[in-house]
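Engineer: Sequence:
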Amino acid sequence: MIFKRKKEDNIEMTPAFASATSSLYFNDSGVAYDEKNDYVVRLVSNRKIKKEYQVSGVDDVSSKNNWKAWVYLAPVVVLIAVFLIYPLINTIFIAFLDNYKYATGENTGFTLNNFGIILGLTTNDLGAQELNFTRYAIPNTFIIVFVTVPVSTILALIISVSLNNIKWFQKTLQTIFFLPYVTNGIAIGMVFSVIFDRQGVINFLFGTDITWIYGANRWVAMVPLFIYIVWSSIPFKILVFLSGLQGIDKQYYQAAQIDACSRFKVFSKITVPLLSPQILYILITSFIGAFKEYTSVVGLFDGPGTMGEAGDPNMETIVFYIYDNLVEQTPYAAAAAVFLFVIILVFTFIQFGVSKRRVHY
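Our numbering numbers the first residue of the sequence shown as 77 and each following residue consecutively.
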């Protein structure tokens, strides 16, 4: 490897390196090279380094040419900037605007009142108190998160371990379990609404007469909602867990078999710790997805409540509230979006903090 040498540069080397490179010399053009040995010589310059890719005052060619990587990344960077970064910044900006008009973009200045209104701390322009966000949207969202995420994760882990131990018919079962993931969410919700109808399959099979969907009690309606969310979210988790299980060294299970360990101990002491990276990934993505739950409510109830578009929005989630107020009350929707963003960010950081002690790579 050769370097162009200038008059103010000097060679920095240890005595051992100097003796090993006795054949090193500079030609008339100021180029240093070694005829006998394949050594790399670094020139140290007294000049001030002006470029980040310079090493000891000499251009590092491999780092200097990293503009090619930026050219390859440019399309993705542009898409992220246009469809992610700009909307995020714009939403935060709108959340602090007073009397913002969606169509014209007009506003009357900055304010914190939008957050006070959605949280029920102050009244809106009509003098009324907005209670739907704190009465329904926030509680419903947190209930969905803390019920469906643990249940779906545990079920997916158990199913994945069972599928991994099945040799015959395994591929077919994997396909069957993966089907809900590639099926339209609204279509699934409509099917569930028919199944849980008062004259539907569930009441017929169990001989009951429970109102599950239309006109149901809020807490009763949570049951089909939970079942729908868990059923539709399990396939992706199974796929991730199966890929992790197939990467575990079989010697661990062979050693446990020699020691006559029970299946539960093998599961808790070997499978779960070695799947901890996949479990962390699933938990983070599942929490984010559950906080953004919207499709299931639309598919099941055809509106924010058990009476559809009429009556109280007793099944409303935070994202449903955002969509519901996006056009007519844009600042409220933006404030709710910022509130949701902060909540998701806090939970994600908590999960990363816990993972430092619980996740084994």
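Any given hint could be a false lead.
As the list claims (entries may be wrong) - With a straight-line cut-off of 30 Å between C-alpha atoms, the simulated BS3-like cross-links for lysine-lysine are:
1. LYS345 with LYS243
2. LYS177 with LYS326
3. LYS247 with LYS144
4. LYS243 with LYS341
5. LYS345 with LYS432
6. LYS243 with LYS368
7. LYS341 with LYS368
8. LYS247 with LYS177
9. LYS177 with LYS368
10. LYS345 with LYS247
11. LYS326 with LYS247
12. LYS345 with LYS368
13. LYS326 with LYS368
To be verified - Computed Cβ-Cβ distance ranges for the label pairs, DEER-style:
14. TYR328 with GLU385: 54 to 64 Å
15. GLY203 with PHE282: 21 to 31 Å
16. ILE252 with ASN175: 29 to 39 Å
17. ASP285 with LEU149: 24 to 34 Å
18. PHE417 with THR284: 24 to 34 Å
19. PHE282 with ALA150: 22 to 32 Å
20. PHE343 with GLY192: 44 to 54 Å
21. ASN293 with VAL152: 46 to 56 Å
22. TYR328 with ILE360: 42 to 52 Å
Quick caveat, the hints were computed from the structure, so don't treat them as lab data.
C-beta: ideal position from N, C-alpha, C; glycine also.
Engineer: Determine for every hint whether it applies to the structure shown.
Structural biologist: Now the hints, each set against the structure:
A threshold of 30 Å between alpha carbons decides the hint, and for LYS345 with LYS243 the separation of about 23 Å falls inside it, so the pair holds. With a C-alpha separation of about 62 Å, the suggested pair LYS177 and LYS326 falls outside the 30 Å cut-off, and the hint is violated. This hinted pair does not check out: LYS247 and LYS144 have alpha carbons roughly 42 Å apart, beyond 30 Å. Restraint check for LYS243 and LYS341: satisfied, since their Cα atoms lie roughly 22 Å apart, inside the 30 Å limit.
This hinted pair checks out: LYS345 and LYS432 have alpha carbons roughly 18 Å apart, not beyond 30 Å. Note on LYS243 and LYS368: the hinted pairing is violated, with a Cα-Cα distance of about 37 Å set against a maximum of 30 Å. Distance restraint check for LYS341 and LYS368: the Cα-Cα separation of roughly 36 Å exceeds the 30 Å cut-off, and the hinted pair is therefore not satisfied. This hinted pair does not check out: LYS247 and LYS177 have alpha carbons roughly 54 Å apart, beyond 30 Å.
Between LYS177 and LYS368 the alpha-carbon distance is near 25 Å, which keeps this suggested pair within the 30 Å criterion. Proximity of LYS345 to LYS247 is assessed by CA-CA distance (about 27 Å); at most 30 Å being required, the pair is judged to hold. Among the hinted pairs, LYS326 with LYS247 is consistent with the structure: their alpha-carbon atoms are about 20 Å apart, no more than 30 Å. A threshold of 30 Å between alpha carbons decides the hint, and for LYS345 with LYS368 the separation of about 33 Å lies outside it, so the pair is violated.
For the suggested pair LYS326 and LYS368, the alpha carbons sit about 38 Å apart, so the restraint of at most 30 Å is broken. Distance hint check: the CB atoms of TYR328 and GLU385 are about 55 Å apart, consistent with the given range 54 to 64 Å. One distance hint, 21 to 31 Å for the beta-carbon pair GLY203 and PHE282, is violated here, with the actual separation near 48 Å. The hint said 29 to 39 Å for the Cβ distance between ILE252 and ASN175, and at roughly 53 Å that hint is violated.
Take ASP285 and LEU149: their Cβ atoms lie about 60 Å apart, and the range 24 to 34 Å is violated. Evaluation of the 24 to 34 Å hint for PHE417 and THR284 yields a failure: the beta carbon distance comes to about 41 Å. For the pair PHE282 and ALA150, the beta carbons lie near 58 Å from each other, so the given range of 22 to 32 Å is not met. Range check, PHE343 to GLY192: about 49 Å between beta-carbon atoms, so the 44 to 54 Å window is met.
In this structure the supplied range 46 to 56 Å holds for ASN293 paired with VAL152, their Cβ-Cβ distance being about 47 Å. Taken as a hint, the range 42 to 52 Å is violated for the pair TYR328 and ILE360, whose Cβ atoms sit roughly 26 Å apart.
Against the hints set out earlier in the document, violations occur for numbers 2, 3, 6, 7, 8, 12, 13, 15, 16, 17, 18, 19, 22.
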